[in-house]
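K.L.:
Let the hints inform the model, and build the full structure from the sequences given.
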Amino acid sequence: MGKVREVEVLLGPQHPGAPGNVAFRLKLDGERVIDADVIPGYLHRGFEKMMEYRWWEVDVVMSARFCVEDPDNFELAYVRAAEDVYGVEPPEKARRVRTIIAEMGRIQSHLFWLLFIGGVVGARYIPSWAMAAREEILKWYDYITGHRVYHHYMVPGGIRWNIPQDFQERTLKVLRFVERIVNDIKRALFDNKIFQARTRGMGVLKASDAIRLGATGPVLRGSGVRHDIRIVDPYEAYDEVEFEVPVGEYGDSYDRCLVRLKEIYQSISIIRQLVGKVSPDGIYRYKIPLVAPPGEGIGRVETARGEYLIHITSTGGQTPYRVRLRTPSMAHLTTVIKHVLRNEEITIADFPVFVKSLDPCAPDLDR
Amino acid sequence: MVMVLSSIILGLKYLFTRPYTRLVPEKEPPFKTETTRGRHVLFMEKCTGCTMCQRVCPADAIQMVKVEGEWKMNRKKIFPRIDMQRCTFCAMCVEVCPTGALAMTDMTGWDMTTDNKETTMYMPYQLTPPEGHKLTVTKQKWIPPPPMFKPKPKVPPKKATR
Ligand code: SF4
Ligand code: SF4
Numbered sequence: 001m002g003k004v005r006e007v008e009v010l011l012g013p014q015h016p017g018a019p020g021n022v023a024f025r026l027k028l029d030g031e032r033v034i035d036a037d038v039i040p041g042y043l044h045r046g047f048e049k050m051m052e053y054r055w056w057e058v059d060v061v062m063s064a065r066f067c068v069e070d071p072d073n074f075e076l077a078y079v080r081a082a083e084d085v086y087g088v089e090p091p092e093k094a095r096r097v098r099t100i101i102a103e104m105g106r107i108q109s110h111l112f113w114l115l116f117i118g119g120v121v122g123a124r125y126i127p128s129w130a131m132a133a134r135e136e137i138l139k140w141y142d143y144i145t146g147h148r149v150y151h152h153y154m155v156p157g158g159i160r161w162n163i164p165q166d167f168q169e170r171t172l173k174v175l176r177f178v179e180r181i182v183n184d185i186k187r188a189l190f191d192n193k194i195f196q197a198r199t200r201g202m203g204v205l206k207a208s209d210a211i212r213l214g215a216t217g218p219v220l221r222g223s224g225v226r227h228d229i230r231i232v233d234p235y236e237a238y239d240e241v242e243f244e245v246p247v248g249e250y251g252d253s254y255d256r257c258l259v260r261l262k263e264i265y266q267s268i269s270i271i272r273q274l275v276g277k278v279s280p281d282g283i284y285r286y287k288i289p290l291v292a293p294p295g296e297g298i299g300r301v302e303t304a305r306g307e308y309l310i311h312i313t314s315t316g317g318q319t320p321y322r323v324r325l326r327t328p329s330m331a332h333l334t335t336v337i338k339h340v341l342r343n344e345e346i347t348i349a350d351f352p353v354f355v356k357s358l359d360p361c362a363p364d365l366d367r
Numbered sequence: 368m369v370m371v372l373s374s375i376i377l378g379l380k381y382l383f384t385r386p387y388t389r390l391v392p393e394k395e396p397p398f399k400t401e402t403t404r405g406r407h408v409l410f411m412e413k414c415t416g417c418t419m420c421q422r423v424c425p426a427d428a429i430q431m432v433k434v435e436g437e438w439k440m441n442r443k444k445i446f447p448r449i450d451m452q453r454c455t456f457c458a459m460c461v462e463v464c465p466t467g468a469l470a471m472t473d474m475t476g477w478d479m480t481t482d483n484k485e486t487t488m489y490m491p492y493q494l495t496p497p498e499g500h501k502l503t504v505t506k507q508k509w510i511p512p513p514p515m516f517k518p519k520p521k522v523p524p525k526k527a528t529r
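Protein sequences, first through last, are from chains A and B. Per my numbering, the first sequence starts with residue 1, numbered consecutively. Per my numbering, the second sequence starts with residue 368, numbered consecutively.
Just so you know, these hints were derived from the structure itself, not from any lab. Note that this is a predicted model, so its numbers are computed, not measured. Positions of the beta carbon are idealized from the N, C-alpha and C atoms, including for glycine. Each hint should be verified, as a subset may be incorrect.
[Said to hold, decoys possible] Partial list, derived from the structure: chain B residues whose beta carbon lies under 8 angstroms from chain A:
hint : residue
1    : S373
2    : V423
3    : F516
[Stated by the list, open to error] Calculated pairs, BS3-like style, for lysine-lysine (alpha carbon to alpha carbon, straight line, at most 30 angstroms):
hint : chain 1 : residue 1 : chain 2 : residue 2
4    : B       : K517      : A       : K49
5    : B       : K399      : A       : K287
6    : B       : K394      : A       : K173
7    : A       : K186      : A       : K206
8    : A       : K193      : A       : K206
9    : B       : K413      : B       : K508
[Claimed, not checked] Partial pick of chain A residues on the chain B-facing surface, computed with a CB cut under 8 angstroms:
hint : residue
10   : V58
11   : Y86
12   : W129
13   : A132
14   : Y143
15   : R187
16   : K193
17   : Y265
18   : Y284
19   : K287
P.N.:
Next up, the structure:
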């Protein structure tokens, strides 16, 4: 009867369905979302420029802030790039401890994400258990590193200070607690038919499209591509451990969620394998000189959201000459969303679920 | 209904467990450990006024101010003042201080909450050990100091590889 009218709706940045401080300009045709433009910039702080004005060791403080939910992997990438510039090999113990810290970061990031995915499908009660598990991890961080969220524990050349005497017992205790809660969440949320009905078959991303659009991390693996930087280009202590890379089957939202859940178990297993190999004795750090040699450095890690790359150029000064980042959420929030909306009927009610199943991080989009 | 029964049963189990959240500050103090990084302490008799802490601070929270008095170690009579509104509690200043004049306590932002912005700037003589708080991060953390990395004399610039 009446001709089709497109309605423009703004979603976010202050909206429970929006992933953090990022907004969308949605084009609606009735219920269906036909296009979404991301409006970035709410969290832009100019980190790439700021890092050019701070010493090499101090830039760790900057790099943790690219992503609030998963700061450790971002720290790790910077630290590896700076070590590449200096040509310093960190002590073996530091490499293992850094791997443990980074994997804990992955777990707590996925646990935090569980709360949000629960929120957008309307199940806030069950994922709130995940916050208890995350809280235990944050307390563990506070004990080891001195801070709950931004740890600044890795430095170029090793770890900032030595691990405490009861590192092993504490870590294993936290892991037991987390595993128990994640088991319960798996039964209560992922086996729940209502949750499956909201996510199954929705937001399908085929493997070929995922590769073409630059998706990485759980989004790519959810589409069935077994690609993980920890496997294809092992860094730190990942060549010492054995773990599986969970992949999805259909590439829909449920597969992406399930990949994240399975990754929590894999991270727990990685930490269990490594924690027995570290002890408080021995060198934990080489202090690096203030002035770096001229050259370039690259750090490439698998963060909780995907592949992250940092490239640093040094002209032989106290500070980097130029820092360039490639963060995972950029591709997910722009190309992937547009592609799926074009090919599939996603309603406004499903849109937040779909976006959250990509687990984008607004700070790393804007940085 | 049958399909979601197990969720409901599990939910009931959690409903009757002890609440995980804690009542702060009525019942319990905020969570702290012996490594928690919080408000600084400045031991003025140790400070030499070398301005290293000012130069390292990533948040530009430290400025040097003059304090009159007899300072044997500090000829220029300049000491750091710290703006807690800017400070990120990274402990870089503690690490870099050559004499161990700066330290951190477990007085976190929670304890420093205030509705008066003027009080967040701590002058050198205000940075005394706060009552009821322990020293946490001190220079002791880096004793013995980690060995220095000796770079090779000439590092050729690397080619980017694909
Ligand atoms: S803790 Fe960090 S941010 Fe705070 S004053 Fe010291 S160096 Fe600056
Ligand atoms: S506190 Fe330490 S680093 Fe800062 S001026 Fe005094 S001696 Fe130097």
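K.L.:
When the structure is checked against the list of hints, which entries are broken? Sort them ascending.
P.N.:
17
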